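Engineer: Chains as they are written, first to last, in UniProt numbering: chain A, 1 to 251; chain B, 1 to 327; chain C, 1 to 831.
Treat the hints loosely; a few may be bogus.
[As the list claims (entries may be wrong)] Derived lysine to aspartate or glutamate pairs resembling EDC-like cross-links, with alpha carbons at most 20 angstroms apart:
#1 A:K197 / C:E309
#2 C:K719 / C:E377
#3 A:K196 / C:D301
#4 C:K724 / C:D696
#5 A:K196 / C:D298
#6 A:K196 / C:D299
#7 A:K190 / C:D228
#8 A:K196 / C:E309
#9 A:K190 / C:D130
#10 A:K190 / C:D301
#11 A:K190 / C:D316
#12 B:K53 / B:D97
#13 C:K719 / C:E698
#14 A:K190 / C:E305
#15 C:K408 / C:D101
#16 A:K145 / B:D97
#17 A:K190 / C:D299
#18 A:K145 / A:D162
#19 A:K197 / C:D316
#20 A:K197 / C:D299
#21 A:K196 / C:D316
#22 A:K190 / C:D319
#23 A:K190 / A:D80
#24 A:K190 / A:E86
#25 A:K145 / B:E193
#26 A:K197 / C:D298
#27 A:K190 / C:E309
#28 A:K196 / C:E305
#29 A:K197 / C:D301
#30 A:K197 / C:E305
#31 A:K197 / A:D80
#32 A:K196 / C:E698
#33 A:K190 / C:D298
#34 C:K724 / C:D299
#35 B:K53 / B:D172
[Stated by the list, open to error] Some chain C residues well away from chain B (every beta-carbon gap over 10 angstroms; in silico):
#36 R28
#37 A284
#38 A474
#39 P508
#40 R809
The hints are simulated quantities; they were obtained by calculation from the structure and are not laboratory data.
Model, not experiment: these values are computed from the prediction.
Using N, Cα and C, we set each Cβ at its ideal position, and we do this for glycine too.
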Amino acid sequence: MDVLVCIKRVPAVGASIQLSADATAVDTRHLGFTIGPHEECAVEEAVRIADRTGGSAGVLTVGPPEADEQLRYAMSMGADHAVRVEAPVADPDPEVTAAAVVGALPDLRPYDLVLFGEASADAGHAQVGFRVAAALGRPVVGGVKGIEVDEGRVRLERHVPDGVEVHEAPLPAVAAVLEGLNLPRYPTIKGRLRAKKAPVRVLDGPAVTGGLRTLRLRHRPEARAETVVLGRGAAAAPAVADVLAELGMVR
Amino acid sequence: MVLAMIERDGEGVLTAASAEVLAAARDLADSLGGSVGAVAVGDPGDLPDDLVKRGVSTLHLLRHELLADSEAATVGEALAQLVAAERPVAVLAAAGDASTEAMAGAAARLGVPLATACTAIRPGIRPGQPWEVTRERAGGILLEDAELDAPIRFCTLGTGTRTPTETAAAADVTVRAFVPELDATVPRARLIERRARASGMTLATAPVVVSGGRGVGSAEGYAVLEELAGLVGGAVGCSRVATNNGWRPHADQVGLTGTRVSPDLYIACGISGATQHWVGCMNARSILAVNTDPEAPMVSRATWAVIGDVHEVLPAVVEELRRRSGG
Amino acid sequence: MTTFPDRAQVVVIGAGIVGNAVVHHLARLGWREILLVDKGPLPDPGGSTGHASNFIFPVDHSREITLLTGDSARQYAELGTLTTCGGIEVARTPERVQELDRRMSSATAWGIDAELISPAEVADKVPFLDPSPLLGAFWTPSVAVVDPLRAGELMRERATAAGALTVSALTEVLAVDTEDGRVRRVRTDRGDVETEYVVVACGVWSPRIAALAGATIPLTPAVHQMIDVGPIAELAETGREIAFPIIRDMDPFMYERQSGADLEIGSYAHRPILCDPDDIPSNAAAALSPTQLPFTADDFDPQMEAALELFAGILDRPDAGIRHAINGLLSLTPDGHPLLGETPEVAGLWSAAAVWIKEGPGVGRLIAEWMTAGVPEIDPHAADVARFAPHERTRRHVRARAAEGYNKTYGIIHPREQWSSDRGARRSPFSPREEALGAEFFEVAGWERPQWYRANEPLVAELGVEDRPHEWDARWWSPIINAEHLAMRRGVAMIDLSAFAQFDVSGPGALAYLQHLTVAQMDRPVGRVIYTPVLGPDGGFRSDLTVVRLGQSHFRVVTGGSDGARDLHWFTRHLPADGSVALADLTSAVCTLGVWGPRARDVLAAVTDDDVSDAAFRFGTARTVMVGSIPVLALRLSYVGELGWELHAPTECGLRLWDEIAAAGQEHGIVPAGIGVYGTTARIEKGYRLMGHELDGEHGPVEAGLALPGLKAADFVGKAAYTKAREGEPEATLCTLTLDASAHRRYPQGGEPVLTVDGARITDRRGRPSYVTSAGAAPSLGTHLLMAYLPPWHAVEGTGLLVEYLGERYPVTVARVGRMPLFDPDDARMR
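The whole structure should be built from the sequences, with the hints applied where relevant.
Structural biologist: Spelled out as structure tokens, the structure:
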């Protein structure tokens, strides 16, 4: 089975996020880049499926040449080929990203399963996979935390607030997955060395624009009250119990 | 017309999130001088009686046998057809898995953008002008003001955006069935099994969450957190460090890529408070941090803090609670 | 939380291993009201201490660094924060095998237990290592891993328990106020504190903090990459942080060490990645910590391949993942040495920066001793923050040298190796002529000085000078040096000495001031040239230099280029507060040309109308003569053992001076000679001592053979110790040794251990080892000379000893004990 995972280059942020001077983007001068945890799980799953079925696991991103770093990271985890679609603008909106993915697919091998992370770790639009599925006219399930593939079909476990749903779809299909799907592996040294030499196929992006345009970013206003220190170590237990009682959580 | 896509829970009652969406739709319709339509899947049930109090004039019910057990994308396909027929100025839904998926599918089919996780929607001053929305990014620690330029504005709303209100403008709710044209030969995912979560406290709904991070130190270390959670009627959560170390299942993870919780009290034990985790618990009403490092971000953001080791502080708290309850 | 004080005896900025060690030792030495501040949280404020590799390899070619490292290891052990695991430096190339031989010699010289072992023995000690790429290895059993964060906590606890220390974390220094060039106050976001002393122990942030006071700490943050690969069953099974020796894979510039279940791989091979102190992110904005920058994977790939060659067995496993990878920041300096001591710009502002984990506690002790007693036990000569010329303190120079030096971290550095970046900052006025003569320029303090002249190549054959057959011996060397030497002794040579640092001392207090700083009697007639040691308070050498009395209250101080900046700092700090002495740095205003050789007087007489006969111009005097139309201050003295003068002229007249001397010298066979002659061959034949080699803080004038016949009445720095030393027998005496002919044309270069004929180390009663302080050819004597301090039982002329050089031991003979030179012992040629 051939699986494609769509990933996004996102900054690895610290405890506070700095913004660029014009506040339209995160200031990434001091930051490294990564892929989100959902996407790491998607790559891990694709590699496992490819291993199990003797298929291939590809990764695709829509982004600038710097995003090759994330493609190679995914390849060092075991993905065997990589595609980068040139982004027409920096951090394209979801319509553009979906169009880029859809536009690239006919140039690539026919995949049985296309995986997305549920949402990117930075913008969090949470929709590219569904747009791609709609454009392709293929089934799609989101919130996936379990994948079982079988002759021509896939079973997808989807977590909903009150339980678990199992969906079944004919292949090819699209899924948006959540962290917890698996425990992704770390890249290996051999994997990294292989990934470094592996080619990245570069395709042109679409000449479209989307209808959602970032004007500015800002920090969420945080109501900071002074922390009340109840005490140190075990001696603080009565004060903690008082707080719990005050909140009505214990008698 | 502003169209609001709504959902019902297992008992057929309008969800809290959908109530918020209706309130926001009403506000928007008022400011634009239009009406509010609601859209739901299936039978009307008690909905019309509820919706009449919420200023809804029309309830569109999507009805098709394929909608019963198809994936959200099929709902999106139906929604797209309804929107094409009704031409609302905006379509709102609650941010959340199923709604977002349906909205994304519909927006894709109509060729329009979708702004997810919005906290505010500001229509353009003149018709045809782009609207401006404020949406959450990076799990909500950042807000993004964005221009939404489309003939029909698709937005999903984050919870807590708008307090639901009942309106006095009570008129009848017109109920209309809308039967979409869905091709039965098109490949679709179908729901084949539904397993209810074992009853009990869920992380998302628990009034108290006792959560542990690196400072707990081991899988066994969570026993005392379980014990405290039992005493205060709460659930146990954890940080990503705990999941990555295999101390807790991923279902317990609070954070950007785990569960977002909004309990009355979040007890953060040995959690430093990295952004990834913070966005998962920042909506808690109050936070008690237990940490050896008085300068940890979680401590400085907490309502109360105890400086000390989890395994010294928690057993003492448990003992104190038992003593007070006389047990 | 304790209240923030408004007064402190000393404020130490930075709570990494260095700052913690400084406060601990200051408290131990009796300082009170010590305030330690850090911008970050404790115990890990986010600097390099928090992410370092934490291992200690005790052997270094530098004695100073070896002593600091050894002291640090003892302190870590005493705090219970040291785990001995052993360490192995491995060689993959023949050149590295030779370098390991040199390492072994350094280990012997400094008395550290070590052994050269075979690749098979490496595999015995580290069973998962594939020894097939290896040619040899250097095993040091005392290599250890330390816990600097815990050590720092314990040191703070001790200082706090002594009632000496207030610690204030999360406190940002906003300003350091100075008055009259002295520290007065530190302003922080928690309040202002009055203080006379500030120690900057801020690692990569040090330049920023120093700049707040108007001082420079010339370092640049630079990246050192590290990754952790695991889990690896063999390592996890040990259940220990480290159970196997650390491997330093020297040729690919990298190391591998166990870290729990992981193998940590670190690299000094990648391109230099420098950053600016101002660009380091805050604790909050950094993803990991401010000094752990995002990993740049491309830079590390060659190291992964090299690591696989040795550790394929454990690294090439699907479950052994790269679990952690960082671009860690460390501090690089223009010459690779630490930056210690009081900054020359601001009194009371001390630097304790550019220090590795392995030196941290030792540096803490050194700084505390230095601040308390005015001199530390370990001579900080090469680490003194005051050692730099102004241009060496600039961002451009620091970055250029740091970029060049980064890959030297594990490199093979020849003792004479020259830098190639940012050269040519200081040139003498003679340089156009020197370049035309094919000068090979060596650098000192930024000055370009001819080491030899290719134009003199024909002299090599003419004078029958032999080349050196071994490449290492001949590297950064030329037989032309020996030819220039012989030509000078035969006729006359001219030598560019413009790199000399020169200070003018004048004013009513000038004599008393100089008397206080020098050993020799300064109250001599006007026109006298006085050579004098300059001592530290403990009687060890601080400098040695020449003073010329130009007037009743007017003196000229002439000192070596390499120590000029340190000497200027010393002289400046001792100026009286009453303004009775003026000190002016004339280094750039004056150029110096030495003219020496049997025909020197003929040459000088040809260009001046002044009487330069011996009767009119005695040895040891100075006067102004006219060379053509140029006023020249001529000093009749010699460091090369020949008749002649140092000619000091205004810089702008230099080129004319050169041309006049060259023209007049032509008929006398004058040759230009380089510093190879001046600094090594001629000097060593005459047994002259060189600061930083023979002369250091560990030895005084009596041991160096430089004690003066009389003891002046005036008090001077170090007098008590000097007086005491004169009264007793020296524990060691500086000797000149000849290399026996059986050395088969190998040429030790300095730093080698001197051993007994049985191969035993030699130490004096104070534990100081005997090692070669200088070595060089003696062309006029037809031998190779070495200098070394020897204890009395070996300091006997005719005694046979051994010198270990590159793995071989060569017989040497003690030829002179004390000052008397081997060449022209009566100094007849100079007089």
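Engineer: A separate judgement is required for each hint: does it hold in the structure or not?
Structural biologist: Hint-by-hint comparison with the structure:
Under the criterion of a C-alpha separation no larger than 20 angstroms, the hint pairing A:K197 with C:E309 is consistent with the structure, at around 18 angstroms. A C-alpha spacing of about 18 angstroms is found between C:K719 and C:E377, which places the hinted pair at or below 20 angstroms, so the restraint holds. A distance of roughly 8 angstroms separates the Cα atoms of A:K196 and C:D301; the hinted pair therefore holds under the 20 angstroms criterion. Between C:K724 and C:D696 the CA atoms are separated by roughly 18 angstroms; this keeps the pair inside 20 angstroms, and the hint holds.
For a cut-off of 20 angstroms, the pair hint linking A:K196 to C:D298 stands: about 8 angstroms separates their Cα positions. Of the pairs offered as hints, the one joining A:K196 and C:D299 holds, with about 11 angstroms between alpha carbons and a cut-off of 20 angstroms not exceeded. For the proposed pair A:K190 and C:D228, the alpha carbon gap of about 14 angstroms is at most 20 angstroms, so the pair holds. At roughly 18 angstroms between alpha-carbon atoms, A:K196 and C:E309 fall within 20 angstroms of each other, so this suggested pair holds.
Pair hint A:K190 plus C:D130 holds up; C-alpha atoms about 17 angstroms apart against a cutoff of 20 angstroms. Proposed proximity of A:K190 and C:D301 is supported: the alpha carbons are some 10 angstroms apart, at most 20 angstroms. Restraint check for A:K190 and C:D316: the C-alpha separation of about 6 angstroms stays at or below 20 angstroms, so the hint holds. Distance restraint check for B:K53 and B:D97: the Cα-Cα separation of roughly 27 angstroms exceeds the 20 angstroms cut-off, and the hinted pair is therefore not satisfied.
For the proposed pair C:K719 and C:E698, the alpha carbon gap of about 16 angstroms is at most 20 angstroms, so the pair holds. Between A:K190 and C:E305, the direct Cα distance comes to roughly 9 angstroms. Compliance with the 20 angstroms bound is thereby established for this hinted pair. For the hint linking C:K408 to C:D101, the alpha-carbon distance of about 18 angstroms falls within 20 angstroms, and the restraint holds. Among the hinted pairs, A:K145 with B:D97 is consistent with the structure: their alpha-carbon atoms are about 13 angstroms apart, no more than 20 angstroms.
Distance hint between A:K190 and C:D299 is fulfilled; the C-alpha atoms sit about 16 angstroms from each other, no more than 20 angstroms. A distance of roughly 15 angstroms separates the Cα atoms of A:K145 and A:D162; the hinted pair therefore holds under the 20 angstroms criterion. A threshold of 20 angstroms between alpha carbons decides the hint, and for A:K197 with C:D316 the separation of about 17 angstroms falls inside it, so the pair holds. A C-alpha spacing of about 14 angstroms is found between A:K197 and C:D299, which places the hinted pair at or below 20 angstroms, so the restraint holds.
Restraint check for A:K196 and C:D316: satisfied, since their Cα atoms lie roughly 16 angstroms apart, inside the 20 angstroms limit. About 11 angstroms separates the Cα atoms of A:K190 and C:D319, which keeps this hinted pair within 20 angstroms; it holds. Straight-line distance between C-alpha atoms of A:K190 and A:D80 comes to about 13 angstroms, which keeps the hinted pair within the 20 angstroms bound. For a cut-off of 20 angstroms, the pair hint linking A:K190 to A:E86 is broken: about 28 angstroms separates their Cα positions.
This hinted pair checks out: A:K145 and B:E193 have alpha carbons roughly 15 angstroms apart, not beyond 20 angstroms. Distance restraint check for A:K197 and C:D298: the Cα-Cα separation of roughly 11 angstroms lies within the 20 angstroms cut-off, and the hinted pair is therefore satisfied. Restraint check for A:K190 and C:E309: the C-alpha separation of about 12 angstroms stays at or below 20 angstroms, so the hint holds. In summary, the hint linking A:K196 to C:E305 is supported, as the alpha carbons are separated by about 12 angstroms, within the 20 angstroms threshold.
With a C-alpha separation of about 11 angstroms, the suggested pair A:K197 and C:D301 falls inside the 20 angstroms cut-off, and the hint holds. A hinted pair counts as satisfied when its Cα atoms are at most 20 angstroms apart, and A:K197 with C:E305 qualifies at roughly 13 angstroms. Taken as a hint, the A:K197 and A:D80 pair is honoured in the structure, with Cα atoms around 11 angstroms apart against an allowance of 20 angstroms. At most 20 angstroms may separate the alpha-carbon atoms for a hinted pair to count; A:K196 and C:E698 exceed this at roughly 53 angstroms.
A C-alpha spacing of about 14 angstroms is found between A:K190 and C:D298, which places the hinted pair at or below 20 angstroms, so the restraint holds. Note on C:K724 and C:D299: the hinted pairing is violated, with a Cα-Cα distance of about 58 angstroms set against a maximum of 20 angstroms. A hinted pair counts as satisfied when its Cα atoms are at most 20 angstroms apart, and B:K53 with B:D172 qualifies at roughly 10 angstroms. Even its closest Cβ contact with chain B, about 28 angstroms, leaves C:R28 beyond 10 angstroms, as expected for a residue assigned away from the interface.
The beta carbon of C:A284 is not kept farther than 10 angstroms from every beta carbon of chain B, the shortest such distance being approximately 8 angstroms. Every C-beta of chain B lies more than 10 angstroms from that of C:A474, the closest at about 58 angstroms, which supports listing it as non-interface. The Cβ of C:P508 lies farther than 10 angstroms from every Cβ of chain B, with a closest approach of about 57 angstroms, so its non-interface assignment holds. Annotated as non-interface, C:R809 keeps its C-beta farther than 10 angstroms from every C-beta of chain B; the closest such distance is 56 angstroms.
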